[in-house]
Amino acid sequence: MALVLVVDDAQFMRMRLRKLLEEEGHQVIEAGDGEQAVEAYSTNKPDLVLMDITMPNMDGLTALKTIKSQFPEAKVVMCSSLGQKSAVLEAIKAGARDFIVKPFEAERVQNVVRKQVG
Amino acid sequence: MHDLNLSPEEIKLFFEEAQEQLDIMEQTLLALEEQPGDGELVNQLFRAAHTLKGGTATVGLTDMAHLTHAMESLLDQVRQGSRELTGHLMDRMLQGVDVLGSALAAVADGGEAPGEQLAALAEDFHALAAGGQDAPPAATPGAGGADWAKVSDALGDRDLPVLRWQVTVDPDTPMASVRAYQALLIMEDLGEVLHTDPPTALLEDEGTDTHRLTIIHASENPPEAVEAALRGVGEIIDIRHEPVAPAGPETAAEAADPSPNGAGAPAGPLGEPPTPQAASGSGATSGDRGVGTRSVRVNVELLDELMNLVGELVVDRTRLASLARSELNGKQLRDELDQLAGHLSRITGDLQDTIVKARMIPVKTLFRKFPRMVRDLSRQLGKRVNFQVSGEDTELDRSVIELLSDPLIHLLRNALDHGVEPPEERTAAGKPPEATVRLTAYHRQSHIFVEVSDDGRGLDAGKIRRAVARRGLMTEDQLERLPYEQLADLIFLPGFSTADSVSTVSGRGVGMDVVRKNLEQVGGSITVRSRPGEGTTFSIQLPLTLAIIQALLVRIKDVTYALPLAHVSEVLLLTNDEIYPLYGRQAVRVRDTTVPLLNPAHLWCEEGAVVWAEDEPNPVVVIQGDMEPLALMVDRLIGEEEIVIKSLGPLTGRVGGISGASILGDGRVALIVDVPSLCREARQVLARDNFRQLKGG
Amino acid sequence: MTELKDQSLTVQMPDGHTQAAVPEPEITSQLVLFTLSDETYGVDIQRVREIIRIPEITRIPKTPDFIEGVINLRGSVIPVVDLRKRFNMPAADQARLAETGRIVVMDMRDWTIGMMVDGVSEVLRVQGGAVEPPSPYIVSADTRFIAGVVKDGDRLVVLLDLDAVFFDEEKEQMAGLNQVEAPAG
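Residue numbers (our numbering), protein chains in the order written: chain A, 1 to 118; chain B, 119 to 815; chain C, 816 to 1000.
Do not take every clue at face value.
Listed next, the in silico DSSO-like pairs over lysine-lysine satisfying Cα-Cα at most 30 Å (straight line) [unchecked claim]: (1) 65/A x 45/A; (2) 75/A x 45/A; (3) 475/B x 675/B; (4) 966/C x 675/B; (5) 65/A x 115/A; (6) 45/A x 85/A; (7) 19/A x 68/A; (8) 85/A x 966/C; (9) 877/C x 102/A; (10) 900/C x 475/B; (11) 966/C x 19/A; (12) 75/A x 115/A; (13) 549/B x 675/B; (14) 85/A x 75/A; (15) 764/B x 966/C; (16) 19/A x 45/A; (17) 966/C x 65/A; (18) 65/A x 85/A; (19) 635/B x 966/C; (20) 45/A x 93/A; (21) 877/C x 764/B; (22) 45/A x 102/A; (23) 75/A x 93/A.
Bear in mind the hints are in silico, worked out from the structure with no lab data behind them.
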């Protein structure tokens, strides 16, 4: 149904999320860091981005801000670990739509995605 | 304060005495409300302020000293007759006491005194003293007072509906406060946020850990739309809203200070924070004061007695050591040891008693915060109350006192909120407009009784019946047949609430099942007596000391259980022919009453299955909770013993019928039976089975 | 070289509740490893109070299956959880259990709780970055009890989320209770 960009530096994570999303009938593209994410967004204009926070090269928060500055209507959901509360808050202030906390449950991810893309 | 050369003892002493002075000031002010113009009380008040000023100045708490000084000056004018101590001035004084109390607590915790707040208030007082004009109590900054100009603007001029919303995030979800922040952002998008609690700044700064948000919101959008949008944020478990009354500052103040919300404040066992908020809108509340009671004042004689006993122990220890080295053998050794054991037993017994005595403190320390709380609350609710406290010198073990705090607050608030009628209603009913609420404590045998009674409306039988029927807890039929006295006890059923509306004061209005459960866990109980139109009395019963009880040890299957002797009526050995069938159940005759027989298997299935011997006497223990006794079948009687109660740790309260554990002489663990709870459960189970049998199914 | 610092693998939230934390890459932690039916599990060494042989356990009636009962630990009464039952694994070989079985006594925020395990093997030093989220295919225990996994050579060590292990059940029960208390208006 929707095109979702999954951003995380751990391939394992991307694989897991891909599986969850494809199960729901979505199409998935991947990016391994913030820089790749920004590029992937410009090229593909996905309906939703699932963005990890801690990544090399460019982190999730910076990527979020960059993407939002060029594409204000972008829908980004942050994926955070515990202990990153301040980053999450800042992300929300910077326009992230929602957030999920790792380790996450399949159902929760699917719910959040559903809420954003219908 | 730490720059001065003060020893820890001096600092501790300062805090204790400062707290005392503040307490005296508060009590005296309250007493003055009843007897204005009492010269001696005014002097007392002045002296307390004076002493406090000296103390705070000495330890370098200059802001506090300045405020106290300002209050002292005013009081000096009063006692010299050049100023009248009006009700308004007393309110201001109480406000000062509150602010000083919070400041003291803050410093005691290692923090800083709120300099600005203290200075502002001091200035007010100085202005008063100089100019003689009464200033209205100003709302202290950031204290939870809404910007009422904005609210009345929205309500009056722009005619926008204003609602107070309360959004609760699942507290277990990670980063709950970020969810709250998301909710706030949505509210901002959908209208105008006039006030939030906790304040926006706090939410935006990751420092808070709140999961409950209260927002006063003006919006053209219909509430359904706002609610739907809020639900879009994940992990929200509750959303509610109510209109904010447009009328004067009184209701406005109430609306701004909703039910003890204190976002992030720890909830008491009743599920709501126990401290009430003063209606004056000041940031410091009367319940916040209180430097922790980590120390206890002990009578020097008790300490001497303890020293003596320890001395005797040392003698016994020496004796034991020498016996170990001696050449004695066999019978001689045994005799010596026997004697020693006897002596030790006596000494440790005395030691126990003495320490228990040392831990006892008068309930006064617990009761002292109530007059203020009742006064503030009755003002807020528009009720007139004569609050009487008696038995304050009754002594209780420290742990028991701490336990009573929350239930009593709950009961008093319920009495004021639901029990006591507004003055007009009382007069119409032929009662004096001022209600009487009594708080009493007394000893009887080895128990403490604490009672809260009011002469208000009494429990509403109709409401109780309806609420119980609605929850399906009992059938209409059963309810009809219950006499009023037993109806009253139903309010302790879990999930029960008769509040028709969410009261801003007591929250839902009940949580009685939790109160009862907590009390029963420590061997206490709570009962209620009520007469419609005449009033209600709650009676809490507690053992004198929590830690050690006399119990009857029994064996059921392969576990040892301890039945507190306080709940054991009799022990019987019964044979088959002494059992009577009774309405499909089994019962036994105890003296001249018929008591239902209970096999623990009814409650604990296989783990409790006692086997009844057909041709021998079987041990049966008659136990009694709050109501009628039950005859409990056991496998074996072990004997009476004094046991030390150990908590079940995380299992506390999660196991029906067991309130704790104890370690026996042989190292095994015995489970302590919570008799009242067990009896209740047993009655339900037996009634159900009985019901089924009658129906033939 | 950055200093390696030992850090707890669990984090105490301001409301007192504990959660598993996936530490930053530079931090190392120590895990006490134990086995349950051929799988290796680990818990933060900072929360382990002691490890004892299995003493007599007093069963408490009508408690969930996985709550084995309580024990006397030098004068304190401590509840013991059977992890196999908690994770819905088949029962252990009694003979083996009698010999190698242990109770790992854990310090939770306000309580002390014991976990019954097949055997305790060693202490392993782990680097934060090595912790990964669990995949449901690798371990048989419910993922909600798991904070993460660590590869150690060719074995997988599963990090437990102790709060979930001990307290989740209560939350489920409480959730059930809350249904009864519908707002009266």
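Comparing the hints with the structure gives:
1. 65/A x 45/A: Roughly 16 Å between the alpha carbons, so the hint for residue 65/A and residue 45/A holds.
2. 75/A x 45/A: Holds, at about 10 Å.
3. 475/B x 675/B: Violated - the C-alpha atoms of residue 675/B and residue 475/B are around 39 Å apart, more than 30 Å.
4. 966/C x 675/B: 46 Å, violated
5. 65/A x 115/A: 22 Å, holds
6. 45/A x 85/A: 28 Å, holds
7. 19/A x 68/A: 27 Å, holds
8. 85/A x 966/C: The given pair, whose Cα atoms are some 28 Å apart, holds under the 30 Å limit.
9. 877/C x 102/A: 35 Å, violated
10. 900/C x 475/B: 46 Å, violated
11. 966/C x 19/A: 22 Å, holds
12. 75/A x 115/A: 11 Å, holds
13. 549/B x 675/B: 59 Å, violated
14. 85/A x 75/A: 20 Å, holds
15. 764/B x 966/C: Violated - the C-alpha atoms of residue 966/C and residue 764/B are around 42 Å apart, more than 30 Å.
16. 19/A x 45/A: 21 Å, holds
17. 966/C x 65/A: 35 Å, violated
18. 65/A x 85/A: Holds - the C-alpha atoms of residue 85/A and residue 65/A are around 17 Å apart, at most 30 Å.
19. 635/B x 966/C: Cα-Cα ~47 Å, so violated.
20. 45/A x 93/A: 22 Å, holds
21. 877/C x 764/B: 20 Å, holds
22. 45/A x 102/A: Judged against 30 Å, a Cα distance of about 26 Å means the pair holds.
23. 75/A x 93/A: 14 Å, holds
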